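Trainee: Sequence:
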Amino acid sequence: MIHHLTKSGETNLKFTEEHRNFSRSIHHNNTKIHEIARSVIDKLIERNLLKENAIDDAGGCLPKGFILTSHGGLFKLSLDRKNNALPHFIEGENVDSNLCFVAAAMNTCANIVVKYGKNTCKVLRQKVLEKHTDKDVLEIINE
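All the letters of the sequence shown, read from the start, carry residue numbers 52 to 194 under the numbering used here.
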């Protein structure tokens with residue numbers, strides 16, 4: 052994951068040359084990639100995001116915590132940027148300075164998690180309720 056994100060960071064023209072160079076320096080250095088991966092894992096552990104019923108940055112419940120596999124499905128860890136004008140990792144800053152830890156399906160270019168924070172899932176549920184009154188849908192949402 053880190054390798055892929057730094058690859059996109061080194062080629063994204065909306066980032067400054069300084070940011071692209073930093074991403075490039077990470078992308079081509081396995082030691083740095085592993086350091087960042089360890090820092091991400093440390094943050095996940097510190098915030099109890101690998102444990103049962105963890106709550107991600109969108110306010111969503113992760114029944115078994117984040118799934119850290121390539122095909123982790125809905126609860127796979129995704130690193131959503133807080134500011135899309137900046138790369139995921141910024142030189143000299145904490146690994147999570149521009150990251151929201153969210154389930155894969157919540158990471159979109161709309162930055163909805165930045166807009167609603169821990170209330171994102173609650174807001175989305177409410178929007179569904181406003182649009183749908185079908186009894187079966189309401190029962191599923193309110194479980």
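These are computed hints drawn from the structure, not numbers from a lab.
Please read all numbers here as calculations on a predicted model, not as lab measurements.
It is possible that some hints are incorrect.
[Claimed, not checked] No farther apart than 20 angstroms at their CA atoms in a straight line, the calculated lysine to any residue pairs in the SDA-like style are these:
{"#": "1", "residue 1": "K94", "residue 2": "K173"}
{"#": "2", "residue 1": "K169", "residue 2": "R89"}
{"#": "3", "residue 1": "K94", "residue 2": "K178"}
{"#": "4", "residue 1": "K166", "residue 2": "G143"}
{"#": "5", "residue 1": "K178", "residue 2": "D147"}
[Claimed, not checked] Listed next, with one range per pair, are the computed distances between beta-carbon atoms:
{"#": "6", "residue 1": "N145", "residue 2": "K58", "range": "28 to 36 angstroms"}
{"#": "7", "residue 1": "E97", "residue 2": "E142", "range": "32 to 40 angstroms"}
{"#": "8", "residue 1": "G143", "residue 2": "I92", "range": "18 to 26 angstroms"}
{"#": "9", "residue 1": "N134", "residue 2": "S90", "range": "43 to 51 angstroms"}
{"#": "10", "residue 1": "E181", "residue 2": "T82", "range": "24 to 32 angstroms"}
{"#": "11", "residue 1": "N81", "residue 2": "E181", "range": "24 to 32 angstroms"}
{"#": "12", "residue 1": "N81", "residue 2": "G168", "range": "30 to 38 angstroms"}
{"#": "13", "residue 1": "K58", "residue 2": "A161", "range": "18 to 26 angstroms"}
{"#": "14", "residue 1": "N99", "residue 2": "Y167", "range": "18 to 26 angstroms"}
{"#": "15", "residue 1": "K133", "residue 2": "E69", "range": "12 to 20 angstroms"}
Think of the CB as a built atom: it goes at the ideal place given N, C-alpha and C, for glycine as much as any other residue.
Trainee: For each hint, tell me whether it holds in the structure or not.
Mentor: To see whether the hints hold, each was checked on the structure:
The straight-line distance between the Cα atoms of K94 and K173 is roughly 24 angstroms, outside the 20 angstroms bound, and the hint therefore fails. Annotation: proposed proximity of K169 to R89 is violated, straight-line Cα distance about 25 angstroms (limit 20 angstroms). With a CA separation close to 31 angstroms, the supplied pair K94 and K178 exceeds the 20 angstroms bound. This hinted pair does not check out: K166 and G143 have alpha carbons roughly 26 angstroms apart, beyond 20 angstroms.
A hinted pair counts as satisfied when its Cα atoms are at most 20 angstroms apart, and K178 with D147 does not qualify at roughly 29 angstroms. Between N145 and K58 the C-beta distance comes to about 22 angstroms, which lies outside the given range of 28 to 36 angstroms. One distance hint, 32 to 40 angstroms for the beta-carbon pair E97 and E142, is violated here, with the actual separation near 22 angstroms. Range check, G143 to I92: Cβ separation about 20 angstroms, and the 18 to 26 angstroms hint holds.
Take N134 and S90: their Cβ atoms lie about 19 angstroms apart, and the range 43 to 51 angstroms is violated. Distance hint check: the CB atoms of E181 and T82 are about 50 angstroms apart, inconsistent with the given range 24 to 32 angstroms. For N81 and E181, the hinted distance range of 24 to 32 angstroms is not satisfied, since their beta carbons lie about 49 angstroms from each other. Checking the proposed 30 to 38 angstroms range against N81 and G168 shows it holds: the Cβ atoms sit about 34 angstroms from each other.
Separated by about 23 angstroms at the C-beta atoms, K58 and A161 satisfy the suggested range of 18 to 26 angstroms. Evaluation of the 18 to 26 angstroms hint for N99 and Y167 yields a pass: the beta carbon distance comes to about 21 angstroms. Taking 12 to 20 angstroms as the suggested C-beta distance range, the pair K133 and E69 conforms, at roughly 19 angstroms.
The structure is inconsistent with the numbered hints 1, 2, 3, 4, 5, 6, 7, 9, 10 and 11, although it conforms to all the rest.
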